[in-house]
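K.L.:
Listed below are the residues making up each chain.
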Amino acid sequence: MSATPLNLDQVTPMDGGSPTAQLSIRNVTKVFPGKKDIFSKLSRKTSKDFVAIENISLDIEPNTFVTIIGPSGCGKSTLLNMIAGLSSTTEGEILLNDRPIQGPGPDRGMVFQNYALMPWMTVEENIRFAVETVYPKRSPRDIQRTVTEHIQLVGLVGAEKKHPHEISGGMRQRVGIARALAISPQMLLMDEPFGALDALTRGFLQDEIERIWEQQRKTVIMITHSIEEALLLSDRIIMMTRGPAARVDEILDVPFPRPRNRETLDQHPAYHDLKAEMESHLFRETRAVEEARVRGR
Amino acid sequence: MAISQSKSRSRKKDPSDSPGLSENVRAFLLFVGSLIVFLLFWELGARNGLFTKGVPTATKTIEELWWWITNPFFNNGPNDLGIGWNLLISLRRVAIGYLLASLVAVPLGILIGISPVANKGFNAYIQLLKPISPLAWLPLGLYILRDSEQTGVFIIFISSIWPTLINTSFGVANVNKEYLEVAETLGASRLRTIFKVIIPAALPNILSGLRISMGIAWLVIVAAEMLLGTGLGYFIWNEWNNLYIPNILVAIFIIGLVGLLLDSLFAAAEKFVTFGRNS
Numbered sequence: 001m002s003a004t005p006l007n008l009d010q011v012t013p014m015d016g017g018s019p020t021a022q023l024s025i026r027n028v029t030k031v032f033p034g035k036k037d038i039f040s041k042l043s044r045k046t047s048k049d050f051v052a053i054e055n056i057s058l059d060i061e062p063n064t065f066v067t068i069i070g071p072s073g074c075g076k077s078t079l080l081n082m083i084a085g086l087s088s089t090t091e092g093e094i095l096l097n098d099r100p101i102q103g104p105g106p107d108r109g110m111v112f113q114n115y116a117l118m119p120w121m122t123v124e125e126n127i128r129f130a131v132e133t134v135y136p137k138r139s140p141r142d143i144q145r146t147v148t149e150h151i152q153l154v155g156l157v158g159a160e161k162k163h164p165h166e167i168s169g170g171m172r173q174r175v176g177i178a179r180a181l182a183i184s185p186q187m188l189l190m191d192e193p194f195g196a197l198d199a200l201t202r203g204f205l206q207d208e209i210e211r212i213w214e215q216q217r218k219t220v221i222m223i224t225h226s227i228e229e230a231l232l233l234s235d236r237i238i239m240m241t242r243g244p245a246a247r248v249d250e251i252l253d254v255p256f257p258r259p260r261n262r263e264t265l266d267q268h269p270a271y272h273d274l275k276a277e278m279e280s281h282l283f284r285e286t287r288a289v290e291e292a293r294v295r296g297r
Numbered sequence: 001m002a003i004s005q006s007k008s009r010s011r012k013k014d015p016s017d018s019p020g021l022s023e024n025v026r027a028f029l030l031f032v033g034s035l036i037v038f039l040l041f042w043e044l045g046a047r048n049g050l051f052t053k054g055v056p057t058a059t060k061t062i063e064e065l066w067w068w069i070t071n072p073f074f075n076n077g078p079n080d081l082g083i084g085w086n087l088l089i090s091l092r093r094v095a096i097g098y099l100l101a102s103l104v105a106v107p108l109g110i111l112i113g114i115s116p117v118a119n120k121g122f123n124a125y126i127q128l129l130k131p132i133s134p135l136a137w138l139p140l141g142l143y144i145l146r147d148s149e150q151t152g153v154f155i156i157f158i159s160s161i162w163p164t165l166i167n168t169s170f171g172v173a174n175v176n177k178e179y180l181e182v183a184e185t186l187g188a189s190r191l192r193t194i195f196k197v198i199i200p201a202a203l204p205n206i207l208s209g210l211r212i213s214m215g216i217a218w219l220v221i222v223a224a225e226m227l228l229g230t231g232l233g234y235f236i237w238n239e240w241n242n243l244y245i246p247n248i249l250v251a252i253f254i255i256g257l258v259g260l261l262l263d264s265l266f267a268a269a270e271k272f273v274t275f276g277r278n279s
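Line by line, the protein sequences are chains A and B. Residues 1 to 297 in my numbering are what the first sequence lists, from first letter to last. Residues 1 to 279 in my numbering are what the second sequence lists, from first letter to last.
The hints are simulated quantities; they were obtained by calculation from the structure and are not laboratory data. Take the hints with a grain of salt, since some may be wrong.
[As the list claims (entries may be wrong)] Derived lysine-lysine pairs resembling BS3-like cross-links, with alpha carbons at most 27 Å apart:
(1) B/Lys271 - A/Lys161
(2) B/Lys120 - A/Lys36
(3) A/Lys48 - A/Lys36
[Stated by the list, open to error] Distance ranges between label pairs, derived from CB positions:
(4) A/Arg138 - B/Phe272: 24 to 32 Å
(5) B/Phe272 - A/Asp273: 51 to 59 Å
(6) A/Asp98 - B/Glu178: 55 to 63 Å
[Said to hold, decoys possible] Computed from the model, here is a short list of chain A residues facing chain B with C-beta under 8 Å:
(7) Ala84
(8) Ala116
(9) Met118
(10) His163
(11) Ile183
Just so you know, even glycine gets a beta-carbon here, dropped at the ideal spot from N, CA and C.
So that you can see chain A by itself, here it is in the shape it has in the complex (with noise of 0.2 Å):
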């Protein structure tokens, strides 16, 4: 195991969390438990209980793009849930601006791997649902503005009355990322919002984040698989070990100036380290990941 985990530098023992930070998880623990009820006994059918995640503590300063990096089924997207607040946390609290997070809210702009478009809206009537659910005072005017500078944003404009289903992947992703900043969140959660889309249309994708967080500077959690992309786009990459039971191994500060070009971002001294050191981590917890699969748990 490499050294102490860094979080422990930005978790005071006292009362826990820096001052400043936006989001804070404090010793979170999630357990799935079991199928332990006379039905599932009768059938033979029972499961222990699962720990996905064990006492995991984070900082997130505001106006920071954090990356979730880990071998898969680690517990990123159950991290990422908790913070969204679609499922709660079994031991441990999560902090937004000092308050504890009760469920989900659109304070939270959320950004889903399989786009989670409504198949009979519209491009637009998709945003405009997101807009109206959230400010249902305001007039459609107010509203119709909002929809259309959002799309002018992730750059669909002519693509406002097509459905779903007419569009490629890389443009149900924009209406995604349109419809999370329409609401106009505190932060936006992306759960491997690329992970579907081709390589090319994907480094495209990473270039309009990257151009679009320049211009609002949200703070932005973001799930990955990628090593390349998470150096392209984070402030700081958060590398998870692997699950069950999963906890927070690394933090990375990614030192690179912005705004960043994809081209010459490995020019930089720190990169080739930073990979490295980010390929070991992952290559050693995924093979792990694999020999406990091959022994059968």
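Given the coordinates of chain A, assemble chain B onto it according to the supplied hints.
P.N.:
Only chain B this time, still in chain A's reference frame:
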């Protein structure tokens, strides 16, 4: 040789590439050809006594069909009613029973589908009542309602409720979880989620349930009417008592045709709400 063969095969697979929609044209020719063969076989068989005694010839049947179609609305008492009137009587019964069933089944299906507990809890009733033959309800209906008209509607109601109920609750229970998460992260109210997300998402399932129910209602009405007073089913029963086979064949053809029309209405509606989903 091999190259040219594979080329022509790949060309055939691509419908936009083949000259003049040949697949559709060939299917149409097959349809017409087989129809001619069938009618010829029927005509010659009936003329030469190949079938049971009393089977009408094809020409006689088509003649009758033409007569009934061109004289749909006459009324010489309940036992001599134009086929148009009979059709309208049957359609009216189906419409009332089916609408009542849908008005119950869709909201109930939504309520059941939303709650996993209700879904599992009520499943036993639905599964028990679903396979009952519609005609088994007939004596019960007659006993309770003491009215043949209402009994007809009741039977349509009770037999066409299940497919819609099952499909609606299935569709609602299986709405893509991500759509619900979107609504949840936006903080949408329960009602807004139901009307803006759950119902539109389940609409393809609801419509396919309604389509199956309509098919069943149309199947059932003919059978039920044989035991009631009027309608297409009674028309067939009446002609059976008259032992006049051509009219029975005419009625069968018209029942099939109307069923086909009703079904294609729903098929068109289903297409309208699919939006690229394959349901």
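K.L.:
Indicate, hint by hint, whether the structure satisfies it.
P.N.:
Now the hints, each set against the structure:
For the hint linking B/Lys271 to A/Lys161, the alpha-carbon distance of about 19 Å falls within 27 Å, and the restraint holds. At most 27 Å may separate the alpha-carbon atoms for a hinted pair to count; B/Lys120 and A/Lys36 meet this at roughly 18 Å. For the proposed pair A/Lys48 and A/Lys36, the alpha carbon gap of about 8 Å is at most 27 Å, so the pair holds. In this structure, A/Arg138 and B/Phe272 meet the distance hint of 24 to 32 Å, their C-beta atoms being roughly 31 Å apart.
About 58 Å separates the C-beta atoms of B/Phe272 and A/Asp273, a value consistent with the hinted range of 51 to 59 Å. A hinted range of 55 to 63 Å is violated for the C-beta pair A/Asp98 and B/Glu178, which are about 30 Å apart. Hint status for A/Ala84: holds, given a least beta-carbon distance of 6 Å to chain B, under 8 Å. Evaluation of the A/Ala116 hint against chain B yields a held restraint, the C-beta minimum of about 4 Å falling below 8 Å.
At about 6 Å, the closest approach between the beta carbon of A/Met118 and any beta carbon in chain B falls short of 8 Å, and the interface hint on this residue holds. The interface hint given for A/His163 holds, since its Cβ lies 5 Å from the closest Cβ of chain B, which is under the 8 Å cut-off. The interface hint given for A/Ile183 is met, as the beta carbon of that residue sits about 7 Å from the closest beta carbon of chain B, less than 8 Å.
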